Amino acid sequence: MRLQPLVLSRFTLTNSLGAGAAATLAALTAKRSGLVPCEFESARLDTYIGPVSGVHEVTLPEHLRAYDCRLNRLAQLALEQDGFASAVAEARDRYGAQRIGVFLGTSTSGILETEAAFRAREGGCGRLPPGYRYRQTQNSFALADFVRRGLGLAGPSLVVSCACSSTAKVFGNAARMVAAGVCDAAVVGGADTLCLTTLYGFRSLELTSSRPCRPFDVGRDGISIGEGAGFALLEKPRPGSPGVRLLGIGESSDAHHMSTPHPEGAGARLAMERALASAGLNAGEIDYINLHGTATRSNDAAEDKAVYELFGARTRCSSTKGATGHLLGAAGITGALISALALSHGLVPGSANTRSVDPALKSRYLLDSEKAELRRVLANSFGFGGSNCSLVLGL
Amino acid sequence: MTRVFIEGVGVLGPGLSGWQQAREVLARREPYHYAPTAVRASELLPAAERRRAGVPVNLALAVGREALLDAGRDPATTVAVFTSSSGDGEILHRMCEALATPEREVSPTSFLNSVHNVAGGYWSIATKCRESSTSLCAHDASFAAGLLETAAQASVEERAVALIAYDQPYLQPLHGARSVHDKFAVALLITPDAGHARGMLEVRFVPRPGSETRMRDPRLETLRASNPAARSLPLLAALAGGESGEIVLPYLEDSHLSIRVVP
Chain S
-19 MRLQPLVLSR
-9 FTLTNSLGAG
1 AAATLAALTA
11 KRSGLVPCEF
21 ESARLDTYIG
31 PVSGVHEVTL
41 PEHLRAYDCR
51 LNRLAQLALE
61 QDGFASAVAE
71 ARDRYGAQRI
81 GVFLGTSTSG
91 ILETEAAFRA
101 REGGCGRLPP
111 GYRYRQTQNS
121 FALADFVRRG
131 LGLAGPSLVV
141 SCACSSTAKV
151 FGNAARMVAA
161 GVCDAAVVGG
171 ADTLCLTTLY
181 GFRSLELTSS
191 RPCRPFDVGR
201 DGISIGEGAG
211 FALLEKPRPG
221 SPGVRLLGIG
231 ESSDAHHMST
241 PHPEGAGARL
251 AMERALASAG
261 LNAGEIDYIN
271 LHGTATRSND
281 AAEDKAVYEL
291 FGARTRCSST
301 KGATGHLLGA
311 AGITGALISA
321 LALSHGLVPG
331 SANTRSVDPA
341 LKSRYLLDSE
351 KAELRRVLAN
361 SFGFGGSNCS
371 LVLGL
Chain L
462 MTRVFIEGVG
472 VLGPGLSGWQ
482 QAREVLARRE
492 PYHYAPTAVR
502 ASELLPAAER
512 RRAGVPVNLA
522 LAVGREALLD
532 AGRDPATTVA
542 VFTSSSGDGE
552 ILHRMCEALA
562 TPEREVSPTS
572 FLNSVHNVAG
582 GYWSIATKCR
592 ESSTSLCAHD
602 ASFAAGLLET
612 AAQASVEERA
622 VALIAYDQPY
632 LQPLHGARSV
642 HDKFAVALLI
652 TPDAGHARGM
662 LEVRFVPRPG
672 SETRMRDPRL
682 ETLRASNPAA
692 RSLPLLAALA
702 GGESGEIVLP
712 YLEDSHLSIR
722 VVP
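Chains S and L are the protein sequences, given in the same order.
So in my numbering the end of the first sequence lands on 375, straight run, no missing numbers.
So in my numbering the end of the second sequence lands on 724, straight run, no missing numbers.
Bear in mind the hints are in silico, worked out from the structure with no lab data behind them.
Do not rely on the hints blindly, as some may be mistaken.
[As the list claims (entries may be wrong)] Covered stretches of chain S, going by a simulated chain L footprint (3 or more residues, C-beta under 8 Å):
#1 91 to 102
#2 135 to 141
#3 196 to 204
#4 228 to 239
#5 284 to 291
Note that the structure is predicted; figures quoted are calculated from it, not measured.
Just so you know, even glycine gets a beta-carbon here, dropped at the ideal spot from N, CA and C.
Could you put the whole structure together from the sequences, leaning on the hints where they help?
In structure tokens form, the structure reads like this:
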């Protein structure tokens, strides 16, 4: 089905490259990476991570103190950048609070709080500590509940939690709610923080690298986990209004395995085909692809197959996870907003940490950042459970 | 207002063993007898996945399959919306217990089952479905959020969409912080056109609090109030009863869904 385009009238992102869009743009231009050796909480693992600095110092608004946890502090830090909150306030005046939806994604929500609460139990058993607040931290909806209250919005709200595709899929929720006439505008995006669950969980699957991750590199051997948040205000474009537009979205399932992508990239290809169809574009009209590119052997091989089959070796593509790390539940919005920055600044981001592209991979993978006039960009996000989502953004 | 149609229903809960039986109970033609929810390993899954699948996966597969059979639809070509307040609470418990030990040895199977979209992932493997699937959460309003999303998707994209909602209790100590009772799951196959429909729904998002529709039977009312997926019971009762009516389904604290049901 053809998508009615929506404009990203304001957006913001925060990750290990810094707080706010300018920090990410500058780091991508310079091919700088935010990955550092893993020293998070009590985890000292032989891997690299992409932590956001300053999260701990963030204070939540007085009336939302019950929501205090790293996840919501990270969201608050992001909401304070790029004039995002004031742009939402203007939209609220224009449409009414009840006409703006809040559709956010997260993978692990505030699980860091629950991990700590379990560790604080006396003798490893008994009740959770009295200060533990399930609803405002652990429940997957906590993030959207915090953000909608913080921004003073009263439209429909939900959290999509489909592992690493979550915050790409929320663009679809917003598009459907606007098309159905339930909303006039929506805040989309989301956040994920570092936590022991993912650090030890991905290690148990032997999917973390002991070096900064190297997407598409011949020697790639796993992911680096990062954290981050990103938000976009989506509205129906007014005539002549500037800004990056959401042109298409494609969602699919692998129907293959819970954690391993389909070896031929069948689900990934389907998501990209559907995104192109919903934008009314053919593959030749895409100028750059922001790959999911996690730097595992299997993800990059499968994604490369799917991309090469659809785009051949013509379309420039790269993964920016060597710079940010894999932001898991926040990967989708980060890829989408990096694509928006690429469009508005004419920048094709290179691939930090990748040295030598795997000769077995056939797509046109870019190592170095370059200037180029971009009109349409595709962004891929794939997750556990075989959940795939591709977005098409354009000027 | 979004107008959609219901083609198939699946339900599994305490004393509710499928739509055929539940319909008679909810229409008050048969008495309600409490019995723990009978959850079985799904034969839809390949052997390896069947061994790894937890309660939410088996709940979701059971009701999803029932609703699609009821509608005569092929699950391999049907879009699905999953919604749950807590996902797999047993896995969360196991992960946090393991991470509280000095060794922090996390089971890889537990980790990949810890994603909120675990039921969606297993469902697509079981049904060989490559259509899109999403997994939502809105705390106590998870069913309402799922219903609004499903109705919008069916209507806007003009295709059949399966809504599958499920919730199960946490183990202690989490149960002390978030109490959910019994295991409950419901599936509705929702379409944009009347076709072979069992009923019509007109779903409206109303941005103010509403007086929620309750169950007349006190035991079913207890179930409704104590499991987020069981918030669907008044809607199921309206479909079962065969009489038109309005249902108020709370959404967030400042909003509700007003649902006109025409069976």
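The hints, checked one at a time:
Counting residues of the region 91 to 102 of chain S whose beta carbon lies closer than 8 Å to any beta carbon of chain L gives 7, which meets the minimum of three for the stated coverage. Beta-carbon proximity to chain L at under 8 Å applies to 7 residues in the region 135 to 141 of chain S; the threshold of 3 is reached and the given coverage holds. Only when three residues or more bring their CB closer than 8 Å to a CB of chain L does the claim for the region 196 to 204 of chain S stand; here the count is 0, and the claim is violated. Counting residues of the region 228 to 239 of chain S whose CB falls under 8 Å from any CB of chain L gives 9; the rule of at least 3 is met.
For the region 284 to 291 of chain S, the proposed coverage by chain L is not satisfied: 0 residues have a C-beta within less than 8 Å of a C-beta in that chain, short of the threshold of three.
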